[in-house]
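Student: In this text, residue positions in the sequence shown follow this note's numbering: the first is 81, and each later residue adds one.
Where hints are given, some of them may not hold.
[Said to hold, decoys possible] Cut-off 30 Å, straight-line C-alpha distance, at most; resulting in silico cross-link-like pairs (DSBU-like, lysine-lysine):
#1 Lys-435 to Lys-337
#2 Lys-461 to Lys-120
#3 Lys-579 to Lys-435
#4 Lys-301 to Lys-435
#5 Lys-252 to Lys-327
#6 Lys-337 to Lys-252
Keep in mind the hints are simulated off the structure, nothing from the lab.
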Amino acid sequence: MSANNSKSIKAPSHSGRTIAILFLILIAFSALAGFTGATKIKLGLDLRGGTSVTLQPRVSAGGKVTSAAIDQAVSIIRQRVNSLGVAESEVSAQGSGTNRQIVISVPGETGRRVVELVGQTAELRFRQVLAEGSGNATTTASVTTTTPATKTAPAKTVATLPTGVTNAMNAKYAALDCNKAASRQGGGGDNADGVLVSCSRDGVTKYILAPAEVLGRQVSKATAAIDQQGASGWYVLLNFSGEGTTKFGALTTRVTKLTAPQNQVAIVLDGLVVSAPRINEAINTGNAQITGNFTQTDAQDLANVLKYGALPLAFDRGEVQQISPTLGADQLHAGLLAGLIGLGLVLLYSVLYYKGLGIVSVGSLLTAGAITFLSFLLLGKWIGFTLTLAGIAGAIVSIGITADSFIVYFERLRDEVREGRSLRSAVESGWARARRTIVVADFVSLIAAVLLYFFAVGGVRGFAFTLGLTTLVDLVVVFFFTKPLITILARTTFFSSGKPLSGLSAKSLGVVTGKEA
81 MSANNSKSIK APSHSGRTIA ILFLILIAFS ALAGFTGATK IKLGLDLRGG
131 TSVTLQPRVS AGGKVTSAAI DQAVSIIRQR VNSLGVAESE VSAQGSGTNR
181 QIVISVPGET GRRVVELVGQ TAELRFRQVL AEGSGNATTT ASVTTTTPAT
231 KTAPAKTVAT LPTGVTNAMN AKYAALDCNK AASRQGGGGD NADGVLVSCS
281 RDGVTKYILA PAEVLGRQVS KATAAIDQQG ASGWYVLLNF SGEGTTKFGA
331 LTTRVTKLTA PQNQVAIVLD GLVVSAPRIN EAINTGNAQI TGNFTQTDAQ
381 DLANVLKYGA LPLAFDRGEV QQISPTLGAD QLHAGLLAGL IGLGLVLLYS
431 VLYYKGLGIV SVGSLLTAGA ITFLSFLLLG KWIGFTLTLA GIAGAIVSIG
481 ITADSFIVYF ERLRDEVREG RSLRSAVESG WARARRTIVV ADFVSLIAAV
531 LLYFFAVGGV RGFAFTLGLT TLVDLVVVFF FTKPLITILA RTTFFSSGKP
581 LSGLSAKSLG VVTGKEA
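With the sequences and hints as input, model every part of the structure.
Tutor: Right, here's the structure in full:
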């Protein structure tokens, strides 16, 4: 008997400690949010506006646009956007037949940079350099050789074309002016099996390049890194597949025996030369570096593009427009109003029906709201989470989930009291029975949220993410706030004696009818 009393005496201190630890964690995460600058919830495209761009497939001579190629391009672009942590973007195909287009909508002010990135075709080629010159050179790419004078013939200078260069290519090289912006647009579409005349990305140099010997699809991995010694800055490290390793090894082995500039291998992305390093020795390790005075952002963007493969089509950028946040602001206000009305009705019902126990309802909902708000702030900073109208709907649904949890517990508690148990005993026995119901119900919601998230796209994923997050929050609140708070209240005279306004009086429990309150 004394042991049981001792155990019951210690229960409130444990409950109070649990609640205190929960609030200390909330304070710590609030300080972390302030320290990291996560002071505002990131809003999605439908709430704050953003950038929308239309990509029109470019049809080459004799080619055609297929539905399969468009669908593959949509999938790759969506992967690229997700890899940058840009949540709630929309990538979709519109139109039919040869008129199909890809529409990309990205929230926020950084939308233009993302649109620039995802539209790249990322056609990576490794080509031997046949000839090079300044970007605005008007001379041809000929090689001048001089025959020494003899007794019978004077010295003779002869201009010949480099090996692999035709007169037509030589003329195209002479006509190319890399100082013009149009010459540096790139955009892919180059024939991997043909000779290419192209500019460097900065327009300083122009090249005649041999047919590609290693292609982007033979790259298995691409990562951005920085030279710790500071010599070359940021670069992109490539790892080749087995086929790519063999072909790159053969290419570098062959060119080491040649003279400049034909001992260089150009790294060509979307038809423009990123860099053209001289090969001093064969590279058979399956690794290569792309350097080119990259910033950190440039290197990471390039690695992300290469990591998720080349688009099956080249695209011309169509209409780029800013999406106004005006309608989104109206939707946000309407959504918040709906949430506040729903929260108010739940709180009103709890206070009117459960009277004093309504304190627990109010506290649980406010605590859940605080945890959810902090989660939105920190996840927006850490993983780029953005709140959309669908996400707000998920948060509003969570009010019902949290209310359902404490109602299940309240009713189980009241049932235990009706059966004649003391309130202190009913708190524990009622919790043991209600806990399983609460956990099962929340796990059903979690399963639904996970399935929606992985099998849906667009706004539905935003709803699923928020629903799953707030369901986890509900489990935290009911275990670490609702149950401990009821344990503490059960030890007060007001609740344990069944006062009329406690919600646990005989009349409230339906034990008696008539005059007894």
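Student: Of the hints stated earlier, which fail here?
Tutor: 1 and 4
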